[in-house]
Amino acid sequence: MKERSKLLREPLLLATVLVIGICLILFVLYPIVRVFTYPTLKDFVEVPRNIRYLRAIRNSLLMVVLSTSTATFFGFLFAYTVTRTDVPLKSVFKLISILPLFSPPFMVAFSYLMMFGKNGLITAHLFGLRVSILGWHGLWLSETIAFFPVATMVMEGVLQSIAPSLEYAGRNLGATGFTLFRTVTFPLARPGVAGAALLVSILILADFGNPIMIAGDFSVLATEAWLRVEGWGDVSGAAVLSSMLLLPSLAIFLIQRYWVGRSSYITITGKPSQVEREPTKWFIRWSLFGFCFLVSVMVILVYVALVAGAFVRGWGFDWTPTLEYIRSIFSRSPELIHSLSFAVAAGIISAVFSITASYLVSRKRFPLHKLMDFICILPAALPGIFFGIGYSIAFTRPPIDLYGTAAIIILSMIFWNISMGYQTGIGAFQQISPSLGEAASNLGAGSMKIFRQIEAPLVKTSFFSAFIVSFIRAVTTLSVIVFLTTSSNAVATFTIMNLVSDGFYGKAAALTTALLLIAFTVLGLAKLFIGKRMELFKI
Amino acid sequence: MSKLHIKIDKASKSFGPVEALKGVSIEILRGSFTTFLGPSGCGKTTMLRTIAGFYNLDSGDIYISGRLINDVPSHQRNAIMVFQDYALFPHMNIGANIAYGLKINKVPQEEIRKRVARTVQYLGIEGLESRSPGQISGGQQQRTALARALVMEPEVLLLDEPLSNLDAKLRMNIRAELRQLQKRLGITTIYVTHDQAEALALSDQIAVMSKGQVIQIGSPWDIYYKPKNMFVADFVGTANLVPGIVTEKNGRAVTVDIDDAKLRVDEPNLEVQPGEQVTLCIRPETIQLSVSEAAGGQNSLQGIITNHIFEGALVRYWVEVGKREIIVDVFDPSDKGIFTGKVTLSVHPNKVHVLSSLPQESN
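Note that the protein sequences, when read in sequence, are chains A and B. Residue numbering for the first sequence follows this note's numbering, beginning at 1 and increasing consecutively. Residue numbering for the second sequence follows this note's numbering, beginning at 1 and increasing consecutively.
Chain A on its own, in the form it takes in the complex:
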């Protein structure tokens, strides 16, 4: 009661809560509900009888187990090497483990097709092998390389937050080298490893870009859903398949967030102490170095292939250098302009929306604010394919028909990305003492004035971080927009997918290179202006 009456006294606050609330219901909850209500019950019941569905489920599970294991393992070794050892080139490894986070997720698969495919530069032309990378093993490799950076990032944070005195204590009491790792470091990092693995598994489960390009006939849930629509026009089938994606994804997400999050051993001691590490044994040092070096080469190859591919007339058969593809993306590529303008619009709106929502939730008490918190975080658990099919069912027919418009693409990009900005915002507001706002309120400022004059300037950094993350995810996403794209609102990632499947590697490579250039430029500019305070990918 008290909460409600307080809200009524501040009309602007009330209006903001209402707008945010209605948007969340309309653009997050409604599409989710539509995915489940669009197919009939019969469509769900028939799942166990459909061999293609069963195969897709089995394949998805297999890939989640395989790729999560390797990506987490790679990620741990990288994080351990960077934070705990004295190998050379550490800063290079660190940079390389960050790059893929800001690149289109399908890029790895595309690039490995060019390098290791049937007509690949390395397999066919360097070694003269007639092998095909298409299939589950190619997918396994691509997903491992594409997603281990996420695990690295999470575990670097975990390893760094282990109080150095714990490892010192272990050494002092007699544990050295591997014994220390086995009895202290690893057990302390274990909740972090579990968290990283769960996070990676969500991404792998939802991965659409890699399987669509490199898995060949090996279809997983995400690609099978796409094929239902593309091949049979069976939207109900796609909805059923993607809802099967959602449930495990949501479950893993909730476990990760509420269970692992709580059991972590992260201790923050006020006193940052100088840490002098024990020198790593030579064979461990060089094994880790060798491992990180090889993985780094695999990452660098991705970019080399893409850039090279953009300048070669016919990859695999005609190696004449050409500028034709680069020129073509400037002259006749509305999709690149679309990508850029949609992502800018989505990034700005998403940042404003999510920071405002985080302000409301962390600073204001109003009815259902816990629900608002949950809906804002929810999109992080939604596979892109699921979200896309939800939008396509909800917003391409009356009462809301946005078929073929820019609006539907932009809206999907906005709301798919609000979780990242939202969580960054929550973190920022937690760090700013509420007493600042209370002081202003004590001096006579109303809610919105406090936000504008006191707190907004302090969360500027979070706003930019939110924008950058939303922008980069929007410009590189394929899964979300794949169901929403028509010829009039096509974006670059969609075109690339079609070009790759038709074998036009040159133009696809040129377009991907352009996307990368855009993403890295924005990232570089942000680094330049915001610097170290920038917090990207808060998960």
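I should point out that these hints are in silico values taken from the structure, not numbers from a laboratory. Just so it is clear, the structure is predicted and the values come from calculations on it, not from any experiment. The beta carbon of each residue, even a glycine, is placed where N, CA and C say it ideally should be. Check before you lean on any hint, since a few could be wrong.
To be verified - Estimated spans, in silico, between C-beta atoms of each pair: (1) A:365 / B:238: 44 to 54 Å; (2) B:30 / A:300: 58 to 68 Å; (3) A:254 / B:65: 54 to 64 Å.
Chain B: place on chain A using the hints.
Only chain B this time, still in chain A's reference frame:
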């Protein structure tokens, strides 16, 4: 017993541009309790960690029992450390924490059981073995950390501000216990703190440090009553530091002119000459305060009380004497009441300590 146990010779250590230790030398006797005392950033923790073997010296040597240990790894030094944040392993219960070192060193299971049982009993933490570190109180965590070190039966016990995370009352209790325990076990103990009262209460020997150097080494008594310079006098306890000029010297009797008055000093082995500028160190509790103006005998000064605080056991007065403010502590005020207005201060000549030179910085 009183044999040299640890010798540190010109120890130096830098972290990048920061010189944490600048040629620290000290000798520590077997079974003694030595404290490194100083403000934060003075290098005391670095010294301790270097003895523990976590840092390597840039130059200088450390000997334990006559053995040069510069390159001996931490766990082979038999010098076990208790950390400021206790560093209890959060993934192990209390029992496992205490047994950790023994287990790592492959002590037989039965022996581990016995030693852990003995230690927890000794420290009064029986029954907590199956709890996790997060489930016990700060004082219990502190004892667990101590138990984990003592169970190793170390030759040297290293304590890094182990009491700083406890509340004031508990700190006083554990302080007394710790001293008793150390005496009983006779372990050579090195303690690090910024709390001068703790250092005075616990130690056989105190090394006062500032900016990476040892300023003075001595017994708590010497450190308190015979501080070597203004830094030590000011850091340890409260001191009235009064500048003046030596006007007369007659054996151990010296007269010092402090602007508006002359103070007699009676201190053995004073090496000052007439005309020399000195600083006098007078502890607040050594000054007599009386309301009768007639007491104008030797070493007495007239002043006006400007402020006071009542601390229970004592009343602390701020007395304006000429242009100077003198702090005076009057113990047991119960039947004297609170003084105000004009007062006479007097101090016995042998309670005035002459600091060897003028305001001197630690480096």
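Each hint tested on the structure:
1. A:365 / B:238: 44 to 54 Å: holds (50 Å)
2. B:30 / A:300: 58 to 68 Å: holds (60 Å)
3. A:254 / B:65: 54 to 64 Å: holds (58 Å)
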